[in-house]
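Novice: Here's the letter readout for the chains.
2 protein chains.
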Amino acid sequence: MTEATKTAVIGLGSMGYGMAKSCLRAGHRTWGADINPEAVKRFQGEGGETGALPSDLDVAVIVVLNAAQTEAVLFGESGIVATLPKGAVVISCATVPPAFARDMEARCGEAGVHYLDAPISGGAAKAAAGALSIMASGTPEAFAAARPVLDACAETVFTLGDAAGPGSAMKAVNQLLAGVHIAAMAEAMTFGMTQGVDPAQFVEVISKCAGTSWMLENRAPHIVDGDYTPRSQINIWPKDLGIVLDVAKSAGFSAPITATALQQYMVAVGMGLGHEDDAAIAKVYARNAGLTLPESKD
Amino acid sequence: MTEATKTAVIGLGSMGYGMAKSCLRAGHRTWGADINPEAVKRFQGEGGETGALPSDLDVAVIVVLNAAQTEAVLFGESGIVATLPKGAVVISCATVPPAFARDMEARCGEAGVHYLDAPISGGAAKAAAGALSIMASGTPEAFAAARPVLDACAETVFTLGDAAGPGSAMKAVNQLLAGVHIAAMAEAMTFGMTQGVDPAQFVEVISKCAGTSWMLENRAPHIVDGDYTPRSQINIWPKDLGIVLDVAKSAGFSAPITATALQQYMVAVGMGLGHEDDAAIAKVYARNAGLTLPESKD
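Residue numbers (my numbering), protein chains in the order written: chain A, 1469 to 1766; chain B, 1469 to 1766.
Just so you know, these hints were derived from the structure itself, not from any lab.
Don't take each hint at face value.
A pair counts as met if it fits within one copy or between any two copies, since identical chains are not told apart.
Taking lysine to aspartate or glutamate pairs in the EDC-like style, the calculated list, with each CA pair at most 20 Å apart, reads [what the hints assert, rightly or not]:
id, residue 1, residue 2
1, 1676, 1619
2, 1554, 1578
3, 1676, 1666
4, 1765, 1693
5, 1676, 1623
6, 1765, 1745
7, 1765, 1672
8, 1474, 1524
9, 1474, 1514
10, 1765, 1695
11, 1707, 1539
In isolation and in its complexed conformation, chain A is listed as follows (with noise of 0.2 Å):
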């Protein structure tokens, strides 16, 4: 039985919205924010807070879009660490650069707040479930405060190291092989097709094979059912490749088949698709070779 707590979820899109709901459910008073206000009024609706932030907060979860808007929620004008009392903890699990979240920790450090680098994992359905996966690190007291949180939201917490960093570094090397699997799905799917190889086919034969992936056996199905409602958008991938290639960048690292496959990603912006579920990458090429994807049923 873990500890109830005062928490705050800041950010209640997708992933944010289900923590926020993994919280109360485990009997956390929670207080939810957003920029959006019909979120906020949604999670109010549930049983949740609004409003100010208690002054005796124990857990502050920041699930934003990325290293910028986490450094304005914690630091910004109203930044929340100024209110934070000593010994409470911020769980930061937006996809950011390592050397972000050492300087995050240092900086909360100062405020005798502790950091928790702890990037997240499985989309918005488990994060509703409470079943997400953690890729966290930071030091044994950030872990000690934020335990009942992680209890509440994941099934899987990897502890990776005992500061800051290798949580967003273990999260970069999963985004590089996920973005990277999504778009080689696509260009393998698409390549089938033009040597008639049916969709469906592709899914039923290469799940089964040698040449899948966890992305391939997740995404492929939506090409196949024409449905690119965003579980996941294309916008994530020029953010979150971008982030890797920066890294690799600072490392003298050099990516080559994550640079192709974000190019491809862009292609995809460009053609207007960045709200679509990530799966409309095949959109790419299906228009490049002129392939006609499978259309919804609906």
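Once you've looked at the hints, dock chain B against the given chain A.
Specialist: For chain B alone, coordinates are given in the frame of chain A:
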């Protein structure tokens, strides 16, 4: 209970040898042939037949390196099709362009011989265990004639069409993904190393996350163990990804991720790694970034 046949396996490399043994084990009288006399002698020691093929052969399994060798075995000087009885079947297992498979089917047909377009997947261990995946297409007559040998060699036979072509097309699709996934795994693992992610921790965490692939789980441990004993050689990939890109070019299809992965394998060949396990593509990244990969514990 399937009927015992007279079967020849032409090409006793790591895959063909295992298939020939699987045929023996299933009770088929099996002839083995290879340009390497050591392989033939070894097969004889296991109860295989050697020397001239009988005039009433039922099945000829061709497990050579590529299209040129397949054509030489079938139609070259002392090619076997001229000596096969009408109604025999050729099971062609090399990775070849779909158009080549259609051509071979037509030329076999002129001689009254069935042709099964039957690329294989699964590696040497599954070949030896009779547990391959076979991506097969051909006429119902070709399937019927091949059935006893398919049953002996395969755990899964995908029935992909009633003429040659789709089997090779699906194999090309699978190889595109498999080749890209191995290279992407190496890119991600070594990128992680620049950020302090230990290779063993990479395998432990990523294999449970959305970034995983069949190839990652199979090949990444070779790098962790510093073991480049060739289960599948670097040299396979310039060949197989070359076939993919040749077929793609003919179809007016742009495959930039495949093309980029191929270049990384070409660097590996240039470094003299062609006969090492394909996980050695990590050495290309490690050299470029000045990283030291794990060494063998032996």
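Novice: Determine for every hint whether it applies to the structure shown.
Specialist: Right, here's what the structure says about each hint:
For the identical chains of this complex, residue 1676 and residue 1619 are inter-copy neighbours only, at 18 Å across copies versus 34 Å inside a copy, given an alpha-carbon limit of 20 Å. Only within a single protomer do residue 1554 and residue 1578 lie at most 20 Å apart by alpha-carbon distance; the minimum there is 10 Å, versus 85 Å between protomers. For a Cα distance limit of 20 Å, the shortest separation of residue 1676 from residue 1666 inside one copy, 16 Å, qualifies, whereas the shortest one across copies, 30 Å, does not. In this assembly of identical chains, the alpha carbons of residue 1765 and residue 1693 lie at most 20 Å apart only when taken from the same copy (7 Å versus 48 Å across copies).
Taking CA atoms no more than 20 Å apart as the test, residue 1676 paired with residue 1623 passes between copies only; the shortest distance there is 12 Å, against 26 Å inside one copy. With identical chains, the CA atoms of residue 1765 and residue 1745 are at most 20 Å apart within one copy only, with a shortest distance of 17 Å there and 45 Å across copies. For the identical chains of this complex, residue 1765 and residue 1672 are intra-copy neighbours only, at 19 Å inside a copy versus 40 Å across copies, given an alpha-carbon limit of 20 Å. With identical chains, the CA atoms of residue 1474 and residue 1524 are at most 20 Å apart within one copy only, with a shortest distance of 8 Å there and 82 Å across copies.
Proximity of residue 1474 to residue 1514 under the C-alpha cut-off of 20 Å is restricted to the intra-copy arrangement: shortest distance 16 Å within a copy versus 72 Å between copies. Taking CA atoms no more than 20 Å apart as the test, residue 1765 paired with residue 1695 passes inside one copy only; the shortest distance there is 9 Å, against 49 Å between copies. Only within a single protomer do residue 1707 and residue 1539 lie at most 20 Å apart by alpha-carbon distance; the minimum there is 16 Å, versus 49 Å between protomers.
In summary, this structure violates none of the numbered hints.
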